[in-house]
Structures are given as structure tokens and as C-alpha cells.
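Undergrad: Chain B: place on chain A using the hints.
The listed protein sequences correspond, in order, to chains A and B. Counting from 1 along the first sequence, just add 5 to a position and that's the residue number in this note's numbering. Counting from 1 along the second sequence, just add 110 to a position and that's the residue number in this note's numbering.
Since the hints were derived computationally from the structure, they do not count as laboratory data. This one's a predicted model, so the numbers in the text were calculated from it and none came from an experiment. A couple of the hints might just be wrong.
[Unchecked claim] Derived DSS-like pairs (lysine-lysine); straight-line CA-CA distance at most 30 Å:
1) B:K151 <-> B:K174
2) A:K7 <-> A:K61
3) B:K124 <-> A:K7
4) B:K124 <-> B:K165
5) A:K61 <-> B:K124
6) A:K72 <-> A:K7
7) A:K61 <-> A:K47
8) B:K130 <-> A:K47
9) B:K174 <-> A:K7
10) B:K151 <-> A:K61
Residues per chain are reported as follows:
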Amino acid sequence: QKEVEQNSGPLSVPEGAIASLNCTYSDRGSQSFFWYRQYSGKSPELIMSIYSNGDKEDGRFTAQLNKASQYVSLLIRDSQPSDSATYLCAVFYYGQNFVFGPGTRLSVLP
Amino acid sequence: GAVVSQHPSRVICKSGTSVKIECRSLDFQATTMFWYRQFPKQSLMLMATSNEGSKATYEQGVEKDKFLINHASLTLSTLTVTSAHPEDSSFYICSAPSGLNTGELFFGEGSRLTVL
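One chain only, chain A, in its complex shape (with noise of 0.2 Å):
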């Protein structure tokens, strides 16, 4: 069975910090690699969306994946308040189907 682990927080930083945020995932066979933003009575928001080993910076965001170690992480850094949010971690399945992690709260204190 697939399985998303993501650890549920609350993660609380304070205003400017970098929040780091983390995925693992089982499958080795996963495809491609997505961190959504839900807050709070919201639907989910694509914030990143990752394909290959390495980094991937999209303003203050920035996605690293490590498929030999299975793990995606997403770095948010001048973390701000608005940044209050769950984060959920998505694993795409080629012709299969999509595999989300529980979330992980995050709390930016300002």
C-alpha cells in the first residue's frame, strides 16, 4: 500500500523564519511530487509541484526531492502569518492515482 507520511505538526516559527516542512513516501515508483496549501474551510492550493531529484525555488518557496531517500521537503522562508496553513504533501502515481499525506500544521507567530 502507498502511504504519504507527513508529520502534523503544529510547527510553529516565528515571523521571518524559515519553516521547513517534510514528506516521505513508500513507493519508489512515484512520479511526481506536489505540496498543497489548505487553510482553514478552504479547498487545497497548489503551492509546488516537483519532478526530479535536486531543488526547485518558486519565490520564497523552494521544493527538494530525494527519490533515493524517498523524501520531498518544502522550505517556506521570511515565513510570514499568512503562511498559517496545513500543508499537504501529494504523491502521483503514473496511470494510477494520487496519494495524499495527512498534513502538517503550520503556525507562523508574529
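TA: Quick look at chain B alone, frame taken from chain A:
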């Protein structure tokens, strides 16, 4: 970019009634759509995969007769909660793959169902 629209965003109904939720892909065709349910402070739980022109594929433990899914066109999937009970109160979210084989999912806005 691609947009998935979900309606209604909120619905309150009496116990025993049925509620229909619509999910539309606005600028792309979706042969597959996914329906999720999310309880407070919990993660997304996949209920079923909606397939255009064929029967939906339900996840284990999801009652087919209670959660009716219809995918009659390439842009519309509907979820009907039949004979709703208070325990069906939840946040229901649909999503559709972008179709680019990148694995990207587009989510609807979600529908909050409250059964009195």
C-alpha cells in the same frame, strides 16, 4: 489556468433528504474527477473516482448507494448524498487532473454540507 468550479459552496439540509453537489471543469475536459471528504482537522479522504461515461470507482468503506456519482459529460461530475444524516456533515471537495500527465490536480472550491 485551468479551473474547477464546485457548487454549492455551502448547503444545509434536513436529515433524510438528498443533496447534489456539482463539479465542473471550466476550460478543459476531465475524463476523470476525484471526490474527497474532509472532516475538521483531518486530511483529505478519497471517496471515489468519477469516470466519464462509466461507473465510478469507490474506495473501500464508501457506500455506493449513499454517495451517488454521475459523470455524464467531459466537464461535469455530480455527487449526490442520499438520505443524508448528521454524520454525513463534512467538507466535500472535487478535483480533476490537468490532463498533462504531470500529475497536477486542480481542486474545486469545496462544498460544506451540514445535515440537521
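Undergrad: Are the Cα positions of K61 (chain A) and K47 (chain A) separated by 30 Å at most?
TA: 26 Å, holds
Undergrad: Checking one constraint from the list: CA of K124 (chain B) to CA of K165 (chain B), max 30 Å. Satisfied?
TA: 28 Å, holds
Undergrad: Regarding the pair K61 (chain A) and K124 (chain B), is the alpha-carbon distance no greater than 30 Å?
TA: Between K61 (chain A) and K124 (chain B) the Cα gap is close to 48 Å, so the pair fails against 30 Å, i.e. violated.
Undergrad: Take a quick look at whether K151 (chain B) and K61 (chain A) sit within 30 Å of each other, Cα to Cα.
TA: With a Cα-Cα distance of about 29 Å, the restraint between K151 (chain B) and K61 (chain A) holds, given a limit of 30 Å.
Undergrad: Next pair to validate is K151 (chain B) with K174 (chain B); report whether the Cα-Cα distance is within 30 Å.
TA: With a Cα-Cα distance of about 25 Å, the restraint between K151 (chain B) and K174 (chain B) holds, given a limit of 30 Å.
Undergrad: Between K174 (chain B) and K7 (chain A), does the CA-CA distance stay at or below 30 Å?
TA: 24 Å, holds
Undergrad: Take a quick look at whether K130 (chain B) and K47 (chain A) sit within 30 Å of each other, Cα to Cα.
TA: 19 Å, holds
Undergrad: Under the criterion that the straight-line Cα-Cα distance not exceed 30 Å, is the pair K7 (chain A), K61 (chain A) satisfied?
TA: 24 Å, holds
Undergrad: Are K72 (chain A) and K7 (chain A) close enough, with their CA atoms no more than 30 Å apart?
TA: 15 Å, holds
Undergrad: Would the pair K124 (chain B) and K7 (chain A) pass a check requiring their Cα atoms to be no farther apart than 30 Å?
TA: 38 Å, violated
Hints 3 and 5, counting from the list given before, are not met by this structure.
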